[in-house]
Amino acid sequence: MNNNEQLNLLRTFFLISGIVNGLYAFGWTGYTFIGGLISCGIGCLFGAFPIINIIACVMDFVAYNRLNNMNRSGTYSSVQFASIFDIVTVLTGNVASMVFGIVGLVFLSNEEVKQYMKDKGIY
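Each residue of the sequence shown is one higher than the one before, counting from 102 in this note's numbering.
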């Protein structure tokens, strides 16, 4: 698999992960709201979970946009941060995004991919 194919696959992973994180954020928000009403506020303790998914969702779409356009420097650090935050989403039960984050970090650790990004001017 060449470098461009790896970045295209990574872009697809970020799109899927962003959608999944959005769904998890929606689900945890509903659970927090309904659980808070039913349990007289105790369910509101889960209010941090949607925030983790919302941040991961936004970062996934930022990384997707940067990999889609490939015209801005700092793409590597944005993609790396999004991959790390995808791994953190396992705290909310999102295993798919965790796997995508690990695969993303493996792709980014490849020296050929780094050199390709440097040659394109987006490192």
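Each hint should be verified, as a subset may be incorrect.
[As the list claims (entries may be wrong)] Computed list of lysine to aspartate or glutamate pairs in DMTMM-like fashion (alpha-carbon distance at most 20 Å, straight line): (1) K221 x E106; (2) K215 x E106; (3) K219 x E106.
Everything labelled a hint here was simulated from the structure, so no lab data went into it.
Note that the structure is a prediction, hence the values are computed from the model and not measured.
Status of the hints after comparison with the structure:
1. K221 x E106: holds (15 Å)
2. K215 x E106: Roughly 14 Å between the alpha carbons, so the hint for K215 and E106 holds.
3. K219 x E106: holds (16 Å)
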